[in-house]
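Asks: What follows is the residue order along each chain.
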Amino acid sequence: MATPEANEEKPGENSILWVARPMATAARQFTKSLFRPSTIVYPYERLEDPKFRDRLEVASGKPFGVGEVWDNYRGVHALNIATCISCNLCAFSCPDICIDMVTVAGGDPKHPKKCPQIDYGKCSYCGFCSDACPEGCLTMTTRYELSTPKRSEMVYSPEKLYQVFRSKLPMNPIRLARPANEDAILLDPPLCIGCNACARDCPTNCITMLDVPKPEAKPGEKLPRRIWKEPVVNDSDCVRCGTCISVCPKECLFWGTRK
Amino acid sequence: MSEMWINMGPQHPMTHGLWNLRVKIDGEMILDVDPEMGYLHRGIEKISEDRHYNEVITLMDRCCYVAGLAWEHLYIIASEEALHLEAPERALYLRVLCEEFQRLASHLMWYAAFVQDIGLMSPFLYGMRDRDLILDLLQSYTGARMTYEYMRVGGVRSDLPPGFTDRTRKVLDWLNARFVEYDQLCLGSDIFHKRCDGLGILKANDCVAHGVTGPMLRSAGVPRDLRRDRPYAVYDQLEFDIAHADTADVTGRYLVRMEEMRQSLRILRQVVDWLDRHPGPVMADQLPRWLGAPYAPVGNEGYLLKRHYPKGLGFSAVEEPHGEAQAYVVNEGGEHPYRVKFRSPVFANISAARQYLIGYRVADIPPIMGSVDVCVGEVDR
Chain Z
1 MATPEANEEK PGENSILWVA RPMATAARQF TKSLFRPSTI VYPYERLEDP
51 KFRDRLEVAS GKPFGVGEVW DNYRGVHALN IATCISCNLC AFSCPDICID
101 MVTVAGGDPK HPKKCPQIDY GKCSYCGFCS DACPEGCLTM TTRYELSTPK
151 RSEMVYSPEK LYQVFRSKLP MNPIRLARPA NEDAILLDPP LCIGCNACAR
201 DCPTNCITML DVPKPEAKPG EKLPRRIWKE PVVNDSDCVR CGTCISVCPK
251 ECLFWGTRK
Chain C
1 MSEMWINMGP QHPMTHGLWN LRVKIDGEMI LDVDPEMGYL HRGIEKISED
51 RHYNEVITLM DRCCYVAGLA WEHLYIIASE EALHLEAPER ALYLRVLCEE
101 FQRLASHLMW YAAFVQDIGL MSPFLYGMRD RDLILDLLQS YTGARMTYEY
151 MRVGGVRSDL PPGFTDRTRK VLDWLNARFV EYDQLCLGSD IFHKRCDGLG
201 ILKANDCVAH GVTGPMLRSA GVPRDLRRDR PYAVYDQLEF DIAHADTADV
251 TGRYLVRMEE MRQSLRILRQ VVDWLDRHPG PVMADQLPRW LGAPYAPVGN
301 EGYLLKRHYP KGLGFSAVEE PHGEAQAYVV NEGGEHPYRV KFRSPVFANI
351 SAARQYLIGY RVADIPPIMG SVDVCVGEVD R
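First to last, the sequence lines map onto chains Z and C. For the first sequence, position 153 matches number 153 in our numbering, and the numbering has no gaps at all. For the second sequence, position 218 matches number 218 in our numbering, and the numbering has no gaps at all.
Just chain Z, same shape as in the assembly (with noise of 0.2 Å):
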């Protein structure tokens, strides 16, 4: 095993080496602190402070080349609130179940928008949430300082999100959600009814419904009582959301591969 170079020339049995050499090297260290304190006096200085964005610089003594340090941080979020579709896939994807899609104004009142709602006394700032969102709007900023005396003011509403996003702080780079080819939203024909719940509800408006021929009925057979409308998905557009799924009433809308 290579060894280190202290212990090549080990001094002999009772030298005051032993004690000397380890001392001396605290106390190199000790007197190059002295010039150089590391330590950052947190509330007035602060670590995104461009004089510590290396500290390895401020470790060291030297110029060192500058990176970006906090460019990528997960902090509190910044929600656009003008390009949010309300799709839902940031409260699905969100592992503390934090995130509640709440009415926001200025919407339709029969089917009022909804934006994601963050409590941040539960939030874990993993970031799924800003990895799902389709749209870019829900990313996450540098910010950290959250403390407060009242529970309730943990509780970003999205008017509050939105000013984060206002503020122009440094945000995450987005990742726009990549739909795959493989899952996409397929149709049971037979149980649908027509009742354009998909189309009304979905939140990038991909779904129309087209007519369907209406079977002739063979004497002694009842048709079904439906609306001769269909679902049909345009998949570029698709988000994959689900929504159409959860709001269908027959159950006929699932995953699957688009053949």
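Some clues are possibly wrong.
As the list claims (entries may be wrong) - A partial selection of chain C residues facing chain Z, derived with a Cβ cut-off under 10 Å:
(1) R51
(2) L59
(3) D190
Hints were generated in silico from the structure; no laboratory data involved. All C-beta atoms, glycine included, are put in the ideal place defined by N, C-alpha and C.
Dock chain C against the given chain Z, drawing on the hints supplied.
Replies: Just chain C now, kept in the frame of chain Z:
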């Protein structure tokens, strides 16, 4: 003198976490020990059964607070095998990068805690200071300092930021110089040798009999390392040596861990060079959508029954900083893993405490248990 049982823990400076070491003493001599675990049990295996494959990753970070990415790697390998997915090669290299960074961070954390256990304060500060540089690097591409949530089934979350590799090389050079200093402080000191030589001896056959792995096994002269003996990810394409010592005592474990850190630097240099030369995708192309997001929305679970995915079993064994961790994932075709089982190396290492503590003195317990490198988060899961 009469015999008595004393409790070291569950909240005790020696324990590094919530666990209890009951010690039967006669004066200063240790006659018997009885480790008690379970104070930190969170039921991670059971919670995993109710989560998506990707969401289990958040739990893996909580398994071990000093080596979260190594546990993510462990789980990801097993679940990819169970789901019949393959990650692109660049993602494999990024995972190895993560794991070696974690090994460095974990060993530095161990160094800081261990030297404090034997009464040295300055090396503690040096270890923590240098670990922060690695945490900065990890934060710059994973986005967090402790709970990384970086790996995904089928790849990793994001690619490296610009300038990362140059920065890494500088940190590696800086660390390489620091290790000399660490050895001067510890191995060059008579106090260290008087405190640690010949303590906590656990021979190779006892290690094997009790399932003790990792640096403890290697310090007993067995050069077993899963990175070489059962290569996963891209370890078979990297050059490194297995650190081992023959003394089987506390000093031996110190030597093994310090040498492992040097080997980690060596691996990291190769990985960083490779990453510079080979840009590419970090996520697999064909990922089932359900890996990313949707639950069965409440009130309509019937459609789950209409989906049929290939079933599968996944097993993985990873050389975690503390030893050999293993995971077993059963995929029964649903959106959640049917069953997840983890093997924690530290659990076995602590359980063998009777073998390496009896016969020593009470004051020897902190250095011996410190050399085991206990992480209670993964013991209790």
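Asks: Report the numbers of all earlier hints that the structure fails to satisfy, in ascending order.
Replies: Those not satisfied: there are none.
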